[in-house]
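Novice: Sequence:
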Amino acid sequence: MSILELPTDGRPYFSTRLPSTYMGSVLIMNRCSIPVETLCSPDTSIGYVAYMLRQSTARITPSLVHDAFTILQSLPDHSRFSTANMGLEHMHAMISNMMLFPTSEISFGSKFFANEGSPESMRPQVDRANGIFRFLAIYPMKKDGGVELVLGTHAEELEMFKTDAEFTKYADLVDVC
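Take the sequence shown: its position 140, counting from 1, is numbered 172 in this note's numbering, and each next residue is one higher.
It should be emphasised that the hints constitute simulated quantities derived from the structure, not laboratory data. Take the hints with a grain of salt, since some may be wrong.
Under the rule of at most 25 Å between Cα atoms (straight-line distance), these lysine-lysine pairs were calculated in the PhoX-like manner [to be verified]:
#, residue 1, residue 2
1, 174, 201
2, 175, 201
3, 194, 143
4, 175, 143
Quick caveat, the model's predicted, so the values are computed rather than measured.
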């Protein structure tokens, strides 16, 4: 069984009195399960996987968020929690897709920064999860349409990618940490 988790912003479910400018993090891990055979089947579309995630998102309600918060408040130890993507063994991974993130709408002002204060690229911290899970990041699309993909792999997996003709047709190895 494959467990897919999608972090969902819990702020709108927590309280309507919580201002939209609140910068704190309230994430609900939206979870659905799909048999591995179904997920890996050539007959399974990305649309189907998205549909399954949307179905599980539809179950999130203010009542569910409040119940989860109440349970968390009652627990004496919060150090033992994990998510389905935790662990370096097996096929655990966290994927962060920022491809359509509008970096052109960010401006730090042109007084000190070039490019009208807008970042030309974005580099989220990928080391934060090092040793906890594999982190795969799809960075925001560049002006020329290029896309960067960062993969966290074991050494033997990297070697497999480097010898895969289809993968290397579209990807260049830039750096190894």
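Novice: A separate judgement is required for each hint: does it hold in the structure or not?
Specialist: Do the hints match the structure? See the list:
| no. | hint | verdict |
| --- | --- | --- |
| 1 | 174 x 201 | holds (19 Å) |
| 2 | 175 x 201 | holds (22 Å) |
| 3 | 194 x 143 | violated (43 Å) |
| 4 | 175 x 143 | holds (22 Å) |
When each numbered hint is compared with the structure, a violation occurs for hint 3 only.
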